[in-house]
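Visitor: Residue-level listing of the chains:
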Amino acid sequence: MYNLSLKENTLYVIIVGGGQVGYQLAKALLGEEHEILVIETDVKKLTRIEDELGGICLQGNGCEVAILSEAGAERANLFVALTNKDEDNLVACQVAKHKFNVPRTIARLSNPDNAALFKKLGIDVTVSSVNLILEHIEEEIPTHPLTHLHALRNGELEIIEVKIPPGSSAVGKRVGDISLPGESILSLIIRGEGIHAPCIDSIIQANDRVLAVTQPDQEEPLRIALTAT
Amino acid sequence: MHILIMGCGRVGAQIAATLDAEGHEVTIMDVNAQSFSRLNPAFKGTALLGDGTEEESLRKAGIDQTDAFVAVTERDNYNIMAAQLAKHFFDVPKVVCRVYDPPRGELFKTLGLEVISPTILVTQLLKEMITQ
Chain E
454 MYNLSLKENT
464 LYVIIVGGGQ
474 VGYQLAKALL
484 GEEHEILVIE
494 TDVKKLTRIE
504 DELGGICLQG
514 NGCEVAILSE
524 AGAERANLFV
534 ALTNKDEDNL
544 VACQVAKHKF
554 NVPRTIARLS
564 NPDNAALFKK
574 LGIDVTVSSV
584 NLILEHIEEE
594 IPTHPLTHLH
604 ALRNGELEII
614 EVKIPPGSSA
624 VGKRVGDISL
634 PGESILSLII
644 RGEGIHAPCI
654 DSIIQANDRV
664 LAVTQPDQEE
674 PLRIALTAT
Chain Z
4 MHILIMGCGR
14 VGAQIAATLD
24 AEGHEVTIMD
34 VNAQSFSRLN
44 PAFKGTALLG
54 DGTEEESLRK
64 AGIDQTDAFV
74 AVTERDNYNI
84 MAAQLAKHFF
94 DVPKVVCRVY
104 DPPRGELFKT
114 LGLEVISPTI
124 LVTQLLKEMI
134 TQ
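Those protein sequence lines, which keep their order, are chains E and Z. Letter by letter, the first sequence follows residues 454 to 682 of the working numbering. Letter by letter, the second sequence follows residues 4 to 135 of the working numbering.
The set of hints was computed from the structure by calculation and includes no laboratory data. Every value quoted in this text rests on a predicted model; they were computed, and no experiment measured them.
Think about it this way: if two alpha-carbon atoms lie no more than 25 angstroms apart in a straight line, the pair counts; the simulated BS3-like pairs of lysine-lysine are:
1. E/Lys-538 - E/Lys-573
2. E/Lys-498 - E/Lys-480
3. E/Lys-616 - E/Lys-626
4. Z/Lys-47 - Z/Lys-97
5. E/Lys-573 - E/Lys-550
6. E/Lys-497 - E/Lys-538
7. E/Lys-538 - E/Lys-480
8. Z/Lys-47 - Z/Lys-63
9. E/Lys-573 - Z/Lys-97
10. Z/Lys-63 - Z/Lys-97
11. E/Lys-550 - E/Lys-572
12. E/Lys-550 - E/Lys-538
13. E/Lys-573 - Z/Lys-63
14. E/Lys-552 - Z/Lys-90
15. E/Lys-573 - Z/Lys-90
16. Z/Lys-112 - Z/Lys-130
17. Z/Lys-97 - Z/Lys-112
18. Z/Lys-90 - Z/Lys-112
19. E/Lys-498 - E/Lys-538
20. E/Lys-538 - Z/Lys-63
21. E/Lys-572 - Z/Lys-97
22. E/Lys-480 - E/Lys-497
23. Z/Lys-90 - E/Lys-572
24. Z/Lys-112 - E/Lys-573
25. E/Lys-572 - E/Lys-552
26. Z/Lys-90 - E/Lys-550
27. E/Lys-572 - Z/Lys-63
28. E/Lys-573 - E/Lys-552
29. E/Lys-552 - Z/Lys-112
30. E/Lys-538 - E/Lys-572
31. E/Lys-550 - Z/Lys-112
32. Z/Lys-112 - E/Lys-538
33. E/Lys-572 - Z/Lys-112
34. Z/Lys-90 - Z/Lys-63
35. E/Lys-538 - Z/Lys-90
36. E/Lys-538 - E/Lys-552
Okay, chain Z solo, but in the shape it has when bound (with noise of 0.2 angstroms):
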């Protein structure tokens, strides 16, 4: 698969480095590029300096030929945008965002974005982590 990643922080650097591992096709953006320095030294997709909000990064990222997308920088709505972008304007199949905020990531889930809400995975874990 062609996977574009936004946000070259812990997890799109993680993410990145195992479907890189597993033999995908992976891209990752960020728009400072000492984030790139999160980077496994064995990742051996691209790395590329590009705002994914801005569709000329994203065509120049290969987001016509993308096969899932997942935004992953710290900022939600940042996320949101390019998620909406990815899905909307692109058509891209898969599209994954992160949305720390649970009602807003409630709200854009009824609105058809995959989201994933560490805030409430975190919660769950830590309670079961407690309770057991």
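In isolation and in its complexed conformation, chain E is listed as follows (with noise of 0.2 angstroms):
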């Protein structure tokens, strides 16, 4: 984690990709004060921030460790690459930390399905427009039965809520009686108007909405123990 005193609480953030996600994000993150540069190789996309914002761009290929070095990148407190390819803003991410000493990197994902291969590979967070959507959509259909809530710790832990089917073989069942796998642990179940804490003595009903922390990897099995016939 960087340090938010460093600085008088300004960061130095490196962004590469000048498009509609990086023009907005400087945008933003100028509002807050902190330094921003933009790389992008698009003459044109430059001009139009340089336009809109003020000299904070450098053209160029922000995987190159040149246009790094120039950009000052070993003094970046946060690296955000947000192209529209994800190995190029895995290689960006990885020349900022490995080359640079990045202390924090954020890559933006097309295809969810490499979150695992860059969080293996060092970047600190990955964002993935495609699993925000589909978060959204999973709250919005009352029978999908499992819906994520929140990633903790980057990913290693995450907070979902099961809809306890009414078939389900874990209704009247004490919470204590059901095995859960890995470290997950029931956290909260919503009934009706009211929410209780569960205890090992708390009985599952049909219709509950159960929160619990868990792991990625656990949640099918979690899924299975709550919601299978």
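Could you use the hints to bring the two separately framed chains together as a complex?
Guide: This is the structure in structure tokens:
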């Protein structure tokens, strides 16, 4: 984690990719008085950003050591790669991290399946618009038994919500009698208008909404434990 | 050996033909079917349409049984990503990738990839031809 107290709370943020997302992010961060540099190969995109936001751009390839050196990447607090090519975002973040020791790197993903690889290769945060949209769709569909509510510790843990279908074998069981996978913990039961903190003697009822903390790879066994007939 | 090659450009097609002729089991992938026209008609291996940075395509190409993975598309970052996927996710014993940009190649060498840089090799050969 970077230290927010550095330089009176002002971060130096390098953004690779000056498309719509890069522009909007730069604008938002400038509004919070951070120091921003946008690296982009396309002069047209750069000109537009500079016309709107001033001289905060560097023309070039954000994966190249020479460009990142010119950008002063070694003093960056945060490095955000937002191009529409996952491989470019991966390599840019790896160069920033391993060549310039940038403490925190964020990569945008077009293919959500790449999240695990990026994490394994040391990218601190990945953001997939597909996954973000899916989470909202899950919430909208009442029959969908499992909703992702929040990721914790960069995705090592997650909070999910499981709706207990009437036919589930978990209905009528004590929480203590349900075998939960891994380090999963049932943390809250929403029943009608009320909420209950579950203890081992709490009885699961049909149509309960159970909030649980679990690891991503335990999500499917947990869903089965709570919803299978 | 089971060898998987990503990128059927000139180098990809050439190395595929050479290894195939030596009796290895060769699979070559490309995202563009037209690229396979570069393959020698005598090539007896498998040509597979697919993206070497996608797990599913790699599984279809038999990455789990692959002894060596070679990433030789035109794009450095694409090669670097596919090579890291093969090495760190599928534990392929031998992974080689082509990187044109020398500083980037050097960095990924220090991160454990086996990198070949045509830029450096050609420069050295040219210099020898000129100065000898």
